[in-house]
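Undergrad: Top to bottom, those sequences are chains A and B. Note that my numbering has the first sequence beginning at 133, numbered continuously upward. Note that my numbering has the second sequence beginning at 133, numbered continuously upward.
Treat the hints as calculated values from the structure; they're not laboratory data. All clues stand as given, with none of them false.
Pairs involving identical chains hold if they fit within one copy or between any two copies, as the list cannot separate such chains.
In silico DSBU-like links for lysine-lysine, alpha-carbon gap of 30 Å or less:
hint, residue 1, residue 2
1, Lys-192, Lys-327
2, Lys-146, Lys-274
3, Lys-309, Lys-192
4, Lys-473, Lys-518
5, Lys-467, Lys-589
6, Lys-170, Lys-512
7, Lys-223, Lys-254
8, Lys-512, Lys-192
9, Lys-589, Lys-472
10, Lys-449, Lys-146
11, Lys-274, Lys-473
12, Lys-545, Lys-467
13, Lys-518, Lys-545
14, Lys-178, Lys-512
15, Lys-309, Lys-327
16, Lys-472, Lys-518
17, Lys-545, Lys-169
18, Lys-178, Lys-315
19, Lys-613, Lys-589
20, Lys-512, Lys-309
21, Lys-449, Lys-512
22, Lys-254, Lys-146
23, Lys-274, Lys-223
2 protein chains.
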Amino acid sequence: MSPQADFERNYFLKDIPLQIAQDKYQNHLLDIGALLKKETEIISIKDSVGRVSSQAVFAKISSPHVTTSAMDGVAIKYESSLGATETRPIKLIEGSAFLWVDTGDPVPEGFDSVIMIEDLEKYSANEIIIRNPVAPYQHVRKIAEDIAAPELLLQQGAIIRSLDLACLGAAGLSDVKVNIPPKVCFIPTGTELVKIGETPGPGQIIEFNSIFLSALVEDWGAEASVRNPVSDDPTLLEQALLHSIIDCDILVVIAGSSAGSEDFTSSVMAKLGEVIVHGVAIRPGHPVILGSVSGKPVIGMPGYPSSALTTAELFLKPIIYGFLKSNEIVPDQIKSVMGKKVASPLGEEEFLRVVVAPVNGDYIANPTTRGAAMTLSISKSDGVIKIPANSEGIEEGSTVLVTLNRQRSEVNKTLLISGSHDIALDILASELTFAESGVRLISSSVGSVGGLLALSKGYAHIAGSHLLDEETGEYNFSAVKRHMPNEKVRIYD
Amino acid sequence: MSPQADFERNYFLKDIPLQIAQDKYQNHLLDIGALLKKETEIISIKDSVGRVSSQAVFAKISSPHVTTSAMDGVAIKYESSLGATETRPIKLIEGSAFLWVDTGDPVPEGFDSVIMIEDLEKYSANEIIIRNPVAPYQHVRKIAEDIAAPELLLQQGAIIRSLDLACLGAAGLSDVKVNIPPKVCFIPTGTELVKIGETPGPGQIIEFNSIFLSALVEDWGAEASVRNPVSDDPTLLEQALLHSIIDCDILVVIAGSSAGSEDFTSSVMAKLGEVIVHGVAIRPGHPVILGSVSGKPVIGMPGYPSSALTTAELFLKPIIYGFLKSNEIVPDQIKSVMGKKVASPLGEEEFLRVVVAPVNGDYIANPTTRGAAMTLSISKSDGVIKIPANSEGIEEGSTVLVTLNRQRSEVNKTLLISGSHDIALDILASELTFAESGVRLISSSVGSVGGLLALSKGYAHIAGSHLLDEETGEYNFSAVKRHMPNEKVRIYD
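So here's chain A without its partners, still in its complex pose:
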């Protein structure tokens, strides 16, 4: 459809605030019972890592299930050792006063302690000598000291981890009841789409959103499937939507690059079901569509990758955790100082991707390249900050909260170079990462002067600079003096 043909159409979406959009949609999904699905399955604990327990898990047997010897040696009654000394040893007779035990053997009835074989002296074929008294329950694993059946092992809604498998196994469980992951179906739309691996012509776009989003929802515990792309044709989209909704729990229509395709999605969703929200005051991601068809959540997701990511995190992730009946694990957050001023439009909540480095005891956050269509800056970012709708941006030096998408330990090993960029830095970055130290080098391109300023303010570890002083014909010296008057500078040739 040419935009000219559609010239009179109202292109303005009524963007509503994020919290209102989330609440409205959540209430709608509750109203239509979309999250009530309660399917569970019983699976082997071998396959349970990452799955969500559908009910509390209790121990079947105690661990240890009988009192056992923790050592190879002899079982005795501790009273029979009392008073033994180096010079006045006590002699014990096999059977009545001691019995031989291996590690893991039950401690025989009537005995309560174990003496290690290396602490014994043999006296005769069936007699031993001990020269030290023994504490009650020495070298003994008391029944249920680890797990006392039916002790609670996992709560309902727990995401099972590798570290949980030991106690499940020890408590006699071979399988566990888990929630069945929701099936998320993605429908990419857009006549301009070509598959990954194909070379796009002018005006064509590689369809990688479905791969990217599938991987994301699988991280969150869902199952993903992808339909063949649908051209920009409302009838075809309607057919695809009706066909796909049958087999999935959540349907996501990924918009093509054309604004028109979003309008198709909205009108097709409205025809087949309900559109609850069209347009949210967020950046990126504002043209998102939230609705339902046949009692199932349907999301119209913007096609720009960064918009798709933001809307997936804000709207799709909570639905997946709702199906899984599990609390979402919130990533680590780091208080940081903004290393650069960032302007942001009033009235929109902005989700800004940043890199973070620890400089002089503070974490410094710098924005990555902004834009809804960016992908490399997603990959390079360390996390996201939220700029509230009622803010015009963030001042340099103000405190922000970064929600990390990396381990804090990686951020802690980061060197931040600010200033003029050079390809040599990329090569250095690569060498450093691969070195045993695992140091990451990130660079913030703010020009030569910006780099010196960043260094002087404690916003960078290193500054890249090549400033020519036209009076002297020398590089950098006068600029360093001017911008960093209080620093001692050493010069290396």
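Add chain B to chain A, keeping to what the hints say.
TA: Positioned in the frame of chain A, the structure of chain B alone reads:
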């Protein structure tokens, strides 16, 4: 084998310090070329999450690959808009001065900016009016603004994440070359072992270590397989080892509960290959055996679960990352204050599992139930602290570094109740976790007085106490007065 038959055997292992053991083993593996394996495979980016890139990944095409319109509207030369105002609009003619474009369309040759359709006025069939000047490249995605081929996307050795798939797709990659994960084979040993799901008789033990360890090594990027358990018989172990070493890259013999089985492992390993280290001064896990057979790493791992976990983390994990040629991602670490005194033997590095809660601005760490055989405390722990070999333990109130096995965000939502335990607390904990708040309640059983003391020192949020004052016949009042003299107390009936 009965311990009596073996009475004269030397049971003392020569435990060597951890760092020396790790270095010795690493050097041995380098000497025999055990980590030189360089197999790679090419896989679809769809399947690449969690895999390790075997070489640097560069962009095949730029993104966008041509300069495109970011909006539906018209492409113009920005110069032709200069001077336009509300009162003195500029009229442009289609073809020479503007062309209609859709979002994603290439910006036609000779044009550089786009005006959104909603900012236009139509004047005639092929004329528009504009009333504002336009900035160069307005609403245009410049060629390569996201990715400039052949820009570096991933470094060699990078662990590929879902967030990386967008830039891989945008840069025209459909597949990626990755290292083939090492195959780790586990051989459980011990005549006393029964399978999970079976009810163990007295003296029998459920074999769950192989399941637990398989899940762990898969978390670390390896492939796991498990052989049927081998009885305590050196000949059978020798056969199993020779048979298994063929198909795997790393072999792990899991000791049964009997100390004897460790000796079989050591002697069989020495016979078939080399034993480099037998016994390391760590707790738990000191009887670990590090060696090689047929040029491949072989580890004899203690059978107690907590020992197995510690030795897997210390010795197996680095080998796996060595094969993967990737830096291990170190988990998050938290500086905490020890809430309880912990004694630890001199001469051994102890790895102590702890729970952590934020109390009054400090993180407070309390030990979980110690012991090599414990499993539930592994699952319940939030992380591990290392007590150095030259330390007799940790004083209450001293600073420790906790290596977390949970997200910090989970720890941040933790309420710590200290003192006298009650089953009602378990029920409350369960309710809280499942509530939307996601608050975790952990309890540290230190008795009623211990709880009041912990509260007074800022080591707990809540204290559980039921102390009877025998003089007055009242509970708690006098104890609270005595142990918390400086706190205002309010009483609820």
